[in-house]
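Q: Next come the chains, spelled out residue by residue.
2 protein chains.
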Amino acid sequence: MSKGEFGLIQRFFSQQQAQPSSIIQGIGDDCAVLHTQQLSDLVISTDTSIAGKHFPHDADPVLIGKRCLEVAVSDLAAMGATPLYFTLNISLPPNPANWLVAFSKGLFASANRFPMTLIGGDTTKIDSLSQCQMSVTVFGSLQGRTGLYRRGANPNDFIYVSGTLGDGALGLAAYQKPENFTATDRDYLLDAYLSPKAQIQLGQALVGKATSCIDISDGLLSDLGHILNASSVGAEIHTDKVPLSTALKRNMNQDDAIHLALTGGDDYQLCFTSPLSKAALGIDNIYLIGNITQSKGLSFTPNNYVPPKTTGFDHFL
Amino acid sequence: MSKGEFGLIQRFFSQQQAQPSSIIQGIGDDCAVLHTQQLSDLVISTDTSIAGKHFPHDADPVLIGKRCLEVAVSDLAAMGATPLYFTLNISLPPNPANWLVAFSKGLFASANRFPMTLIGGDTTKIDSLSQCQMSVTVFGSLQGRTGLYRRGANPNDFIYVSGTLGDGALGLAAYQKPENFTATDRDYLLDAYLSPKAQIQLGQALVGKATSCIDISDGLLSDLGHILNASSVGAEIHTDKVPLSTALKRNMNQDDAIHLALTGGDDYQLCFTSPLSKAALGIDNIYLIGNITQSKGLSFTPNNYVPPKTTGFDHFL
Numbered sequence: 002m003s004k005g006e007f008g009l010i011q012r013f014f015s016q017q018q019a020q021p022s023s024i025i026q027g028i029g030d031d032c033a034v035l036h037t038q039q040l041s042d043l044v045i046s047t048d049t050s051i052a053g054k055h056f057p058h059d060a061d062p063v064l065i066g067k068r069c070l071e072v073a074v075s076d077l078a079a080m081g082a083t084p085l086y087f088t089l090n091i092s093l094p095p096n097p098a099n100w101l102v103a104f105s106k107g108l109f110a111s112a113n114r115f116p117m118t119l120i121g122g123d124t125t126k127i128d129s130l131s132q133c134q135m136s137v138t139v140f141g142s143l144q145g146r147t148g149l150y151r152r153g154a155n156p157n158d159f160i161y162v163s164g165t166l167g168d169g170a171l172g173l174a175a176y177q178k179p180e181n182f183t184a185t186d187r188d189y190l191l192d193a194y195l196s197p198k199a200q201i202q203l204g205q206a207l208v209g210k211a212t213s214c215i216d217i218s219d220g221l222l223s224d225l226g227h228i229l230n231a232s233s234v235g236a237e238i239h240t241d242k243v244p245l246s247t248a249l250k251r252n253m254n255q256d257d258a259i260h261l262a263l264t265g266g267d268d269y270q271l272c273f274t275s276p277l278s279k280a281a282l283g284i285d286n287i288y289l290i291g292n293i294t295q296s297k298g299l300s301f302t303p304n305n306y307v308p309p310k311t312t313g314f315d316h317f318l
Numbered sequence: 002m003s004k005g006e007f008g009l010i011q012r013f014f015s016q017q018q019a020q021p022s023s024i025i026q027g028i029g030d031d032c033a034v035l036h037t038q039q040l041s042d043l044v045i046s047t048d049t050s051i052a053g054k055h056f057p058h059d060a061d062p063v064l065i066g067k068r069c070l071e072v073a074v075s076d077l078a079a080m081g082a083t084p085l086y087f088t089l090n091i092s093l094p095p096n097p098a099n100w101l102v103a104f105s106k107g108l109f110a111s112a113n114r115f116p117m118t119l120i121g122g123d124t125t126k127i128d129s130l131s132q133c134q135m136s137v138t139v140f141g142s143l144q145g146r147t148g149l150y151r152r153g154a155n156p157n158d159f160i161y162v163s164g165t166l167g168d169g170a171l172g173l174a175a176y177q178k179p180e181n182f183t184a185t186d187r188d189y190l191l192d193a194y195l196s197p198k199a200q201i202q203l204g205q206a207l208v209g210k211a212t213s214c215i216d217i218s219d220g221l222l223s224d225l226g227h228i229l230n231a232s233s234v235g236a237e238i239h240t241d242k243v244p245l246s247t248a249l250k251r252n253m254n255q256d257d258a259i260h261l262a263l264t265g266g267d268d269y270q271l272c273f274t275s276p277l278s279k280a281a282l283g284i285d286n287i288y289l290i291g292n293i294t295q296s297k298g299l300s301f302t303p304n305n306y307v308p309p310k311t312t313g314f315d316h317f318l
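Respectively, the protein sequence lines represent chains U and Z. Here the working numbering is used: the first residue of the first sequence is 2, the next is one more, and so on. Here the working numbering is used: the first residue of the second sequence is 2, the next is one more, and so on.
Keep in mind that a hint or two might mislead.
The list treats identical chains as one, so a pair stands whether inside a single copy or across any two.
[Stated by the list, open to error] Think about it this way: if two alpha-carbon atoms lie no more than 30 Å apart in a straight line, the pair counts; the simulated DSSO-like pairs of lysine-lysine are:
#1 Lys242 x Lys198
#2 Lys198 x Lys210
#3 Lys54 x Lys250
Hints listed in this document are in silico derivations from the structure and should not be mistaken for laboratory results. Just so you know, these numbers come straight off a predicted model, no measurement behind them.
Can you build the whole structure from these sequences, using the hints too?
A: What follows is the structure, encoded as structure tokens:
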């Protein structure tokens, strides 16, 4: 990590006093050093959040701090891992102190709920908050569990999701045009968009029960598509079973609501497959939305939904 | 990591076929999974490079690819670690294919020289290359060695650096105003600025010999200052012993040259302390530039250099 930001690190990012014994060196030197023999494995993922793309630059910095960690940890959840450590790369405008007080408050509120420890990072200078980017790299452990990969879905497996879909995408609309929503719906949708929660407990509960798992960051069809590709299978989606929130249903007609639920990003629910029924899984608050098919590709029942040619953000090039 | 960039990952970042046996899952799932018991420890550092701040956005993408990895690995060198893996977060403008062909060529040329394996990352969209940021997180191991920390310098230790200083900073000037330099000097200085090399072999050779070590990214006085603070000591610098390149001496008067060598960034040489003489160290191409003092603070001999109040980039706030 670069060292010029030493005062900044000391002031805002050294507030976690209790350190796990596996940390030989935390923040404050050229590198962090971990004693990994007691871990047996390390699960790593990294996520970048960009102002104006992934969050509004003028959002409450407490929420930005929470969100940038939660969306990174969401990948650990999708693997069934236990969160342990993280690093933070953040670019900041001049005089960031007030903003950082709030940002770091949110960041560590989220970190402490897992709990996980900040072990390093890098701060760089930018001209204005609208250019702010943060990359969070998260480290966890399976602690002897088998990980939840994308490649294990089998024909006839059921497909489940962990909560209502489309709320994150509609939440962005509620942030941009709050006057279009009632206060109740706005509060609910903004919370879904700005305050996603990594489903760590669910991910761990699925180990040994789910055959594949992914978190829904780019939209259900896009992310489920990665499971289907990795597993060389297809899927039948029951569009009438896709869970929709009351707020979503109140603000969109049924076709648009289903479309948003299938393709909108930023939900950070888990999507997983399992041969087990909902009763056999014994997990609350999950929704059966379809099943895996031997024939590749996606089909929809009732047969009145036509998916867009491009789904989610799958077509960078 | 987010998953929308799947095609991009497949096309440009999956070119390393041989994977160490410690990698249970590399790129292509929600997380990477490492089998760490055979490692005993993991050394981690992360570094962000921003277009227009750390590299010119219109520089050769082959060099940008090499540079973003080398400057991150430089922290592993300063710890005496062996590089193993890395992740890459990169933000890219529309239609990045041609740029990425060259960038990934440079990135993997650097990765393969260590060698180290890409295990994950995240790509995000920006509007233009001038907004490009990349965060590289590097993973290494001490393999049973004791790490080189900042906190071990003792009074009367010698202070060494691993190469000429100031060339990186003057290289930036040569990039901005090439007409001010001869072709020979320009080539040398641009190479110093755009193509730093992480001093991995030196770092490992210093284990057991150096009492502290840091890489010089923000300028000697700033980075040495972290050793002095962490070790609760001071230093006497022999300004006439600070190594200067012929190119630097040809383009600056002596006072300015020494000032740039002491405060310029981007050199990525190592600075280390040791009670051993150069002969006892038995390492070539290192330069004795001063000694650690019991009294804190910096002093300079010959006594004609006045350090600036702010050194390097140490004053973010």
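Q: Kindly indicate which numbered hints from before are broken by the structure, ordering the numbers from low to high.
A: none
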